[in-house]
Amino acid sequence: MTGVAIAGAAESDLGVTGRSILGLQAQAVTRALADAGLTLADVDGIATTGVSRFSATQLAEYLGVRPSWTDSTFAGGSAFEMFVARAAQAIEAGQCSTVVVSFASNQRSARSRSLGGVVEAHTPEAQFETPYGPLYPISYYAMAAQQYLHRYGGTREQLAEVAVAAREWALLNPAAYRHGAGPLTAQDVLAAPEVSSPLTTADCCLVTDGGGAVVLTSLERARDLRKPPVRVLGYGERTTNTSMTAVDDLTVTGAVEAGRDAFARAGLTPADVDVAEVYDSFTITVVLTLEALGFCGRGEALDWIAGGRIRPGGDFPLDTSGGGLSYCHPGQYGVLLLVEAVRQLRGECGARQVPGAEVALAHGTGGILSTHATVLLGVDR
Amino acid sequence: MNAGGGQVNVPEPDEVTDPWWEATRERRLLVQRCSCGHVQHPPRVLCTACGATEGLGWTEASGAAVVDACTVVRRAMPGFTPPYVVARVRLAEGVLLLSNVVTDEPGAVGIGDPLRLDWRPLPDGRALPVFVPLER
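Respectively, the protein sequence lines represent chains R and E.
The first sequence begins at 1 in my numbering and counts up one residue at a time.
The second sequence begins at 1001 in my numbering and counts up one residue at a time.
These aren't lab readings, by the way, just hints derived from the structure by calculation.
Since we're looking at a predicted model, the values are computed, not measured.
Glycine included, every Cβ here is placed at the ideal spot set by N, Cα and C.
Misleading hints may appear alongside valid ones.
What the hints assert, rightly or not - Computed beta-carbon distance windows for the label pairs: (1) R:Arg298 - E:Gly1125: 42 to 48 Å; (2) E:Val1066 - R:Ala93: 46 to 52 Å; (3) R:Ala121 - E:Arg1027: 42 to 48 Å.
Isolated chain E, as found in the complex (with noise of 0.2 Å):
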């Protein structure tokens, strides 16, 4: 499989995200979610359709997702080894993510395709989410 990448230096976590990080340790993603009903990713201090600074809280994903759309990169960056699919993902919550979709078959990554989630781990115990093809 591969899955593009990556001895990618992935930032410490902030005061916001730490939670969202943390929760990777467990193999859990979560998305912020206000008490307005509004869901949103990245997470961040405010919800950005009401404004409000209280009341952000966080629901797991369950995992489902489609593609949004994707592009398969064949340069090689530092880190990663092409070619390798760039994606945004959107969650069955409404939120899209970027990703990767980790396959052998890079270029029969379509838009629309569901997806399921799977993880890349960091060395320092956490992971990334990624995404796999969903046989149909």
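Chain R with its partners taken away, still in its complex shape (with noise of 0.2 Å):
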């Protein structure tokens, strides 16, 4: 448990939008601040990446601000989970009182996405791994799910439900890329043109553009700001690898401590979980995830999600927003899964709420597995 609070979130504009990566940015810190009844002169600390070299330093000085405190960590799609957890420590620590998380791109207006990804020539990597040519970060995730079908004995079909079930939940959400795509078969998923085996492009998460922030302040604050507070109750992180040959097994990650920490820190256990917003890069990313934080055995996840368990009006509601497979995904999703997760705490999802959601687990996978993050949110009861 801790003493802090996410007062405010919002999303940015996303999917295609021709705006740059700070206005985008600037929407999502506004509408945030907006949603917790804060305004710019009220932020003392800043937690962002993806801006530029500086990043929190470039976001300060656009939005006007002299922060006390910021946090540029580079960690993918994590780091937003990771900026939670040093914000609600910065924030007890008495450094600053509120702090903007942020993140945008304009990936898919840009056109700045590329296939090898992005390696810089003085690394290990760009000596022993980028010569022969692997899809970045998709190869590593093709080669997880090899590893993990080969030794689970899975299908293809199965590992497709992931993708299925964040279909079914974009099209209750307004706000999805995919919300006007119609439903999605496995079929649909093994079709289409496979990309690095065994995955097609239906494994894979969207390339769009899109952003969003969260705000914490005390928990004390929070209670009289315009919105309830959601608690930050635990989080937990490992970092394990930045090539593709540091890790042993493929299918154990980094999330197994990540997830171990959190619910420790909060006095929680997975059955305590009444929505979870797992970062889904790729289907395997998110079977391998479950099977880490503990919410089903190793090597148990593909029986275990099918049946329609994670889609909508299942028993365990995973990735209720559609996900970064069929609702947005600007590169670093992170932030979106812990404005979704705030929404369902507070009841605000519409066709897509979770009945009576207190507790939801938001989890951030950065790089090829690389980096992992866990964060515990409640309701204040």
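Two chains, each in its own frame: build the complex with the hints.
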């Protein structure tokens, strides 16, 4: 348990926006502050990444803020769950009082994403991996999927359920990129063009613009603000690799320890989670993460998610926005996991609302299963 | 044989990786070994098992290996011609390397398949270690 809460949450424009990164960032930040009933004058902490080399510095100047605390940890899609942990610590330590955690990307409008990713020439990967032409990050997740299916005997059809369920949720979310696309079947997923075997385009997250922000402050202060506070109950993280060969077993990720630490801090168990927002960069990411977090046993996830369990109306509501697979994926999607978790706990989700949700989990994954961060959030009881 | 690649730009070695790359000119595959017995790849200035910065040397790999995991890449990247196989290759010496499995049947390569070492020459005389399926 912490004495810190999320007081505001918002998305920027999503999809294909034609807007700049800082323009989308400013949208997300000002909307999240308005949601909280706060203004930029209240902000003394900024955590962001993906803006520039000096990400938090750049955003602070753009917003006209002189923060007493910043963080620009670069950890891919998991950075935002890490930011929540660091912001909670900074607020409890008294270094700042009001932190905005934000992200935005215009990668679809700007056509800035490349199949091989970004590899810096001075890194070991540039000498020892890039010359072989792996798609980054897809080929790594593809090899993880291959190892998983090989070891546990699962099928591609079973793996496709992650994408199928995500689409079902997106059909309930007017903000989702695939909201109007109609249902997806397992056969559709398998019939989509293969990118890096065994993964097809339908196993891969979207490439869209988009962004979001959450505002953190003390629980005490949050109780006097516009929206009901969402408490930060626990957090944990692990950092495991940058290369494709450092991790011996591709099916066991750092989410094991990240989740264990988060549940221990919160005094909760997986059975206490009412709604889970788990990074779905690829279908296999979700399978590995559900097992790592302890929702089911090792090798059991494909059977466990079958039969509608993770679809709307199922007993384990997962990625209720439609996820990175069908809602929005601006490249570092982790902040939008937090936004959706907050909205679910406030009961703001309309047709996709999980009735009575009191505990939510947000789990970010960055890079090539490189960084893993879990945040547990709860209503203020 | 579809090797997949690659007119890719392989960076110059640094002070740590230079011996490894120099050995590729003689078509020898080196693995870094610490006096504590630990083997590691890629080469580093320290041993990730015992932390020592002294006592790191080289052992020559036999070239025997198996597929730890692999994927058939089907999207074109600059300098590569799909389809081609990217694989995590487990050397008999114990370490994992990322490499290509060079074959006319990319879809037939699977986990546990035995491999032998081969080389893809680079324009500057160095060479990339790649692997070929072993006839069973």
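Outcome of the hint check:
no., hint, result
1, R:Arg298 - E:Gly1125: 42 to 48 Å, "47 Å, holds"
2, E:Val1066 - R:Ala93: 46 to 52 Å, "51 Å, holds"
3, R:Ala121 - E:Arg1027: 42 to 48 Å, "25 Å, violated"
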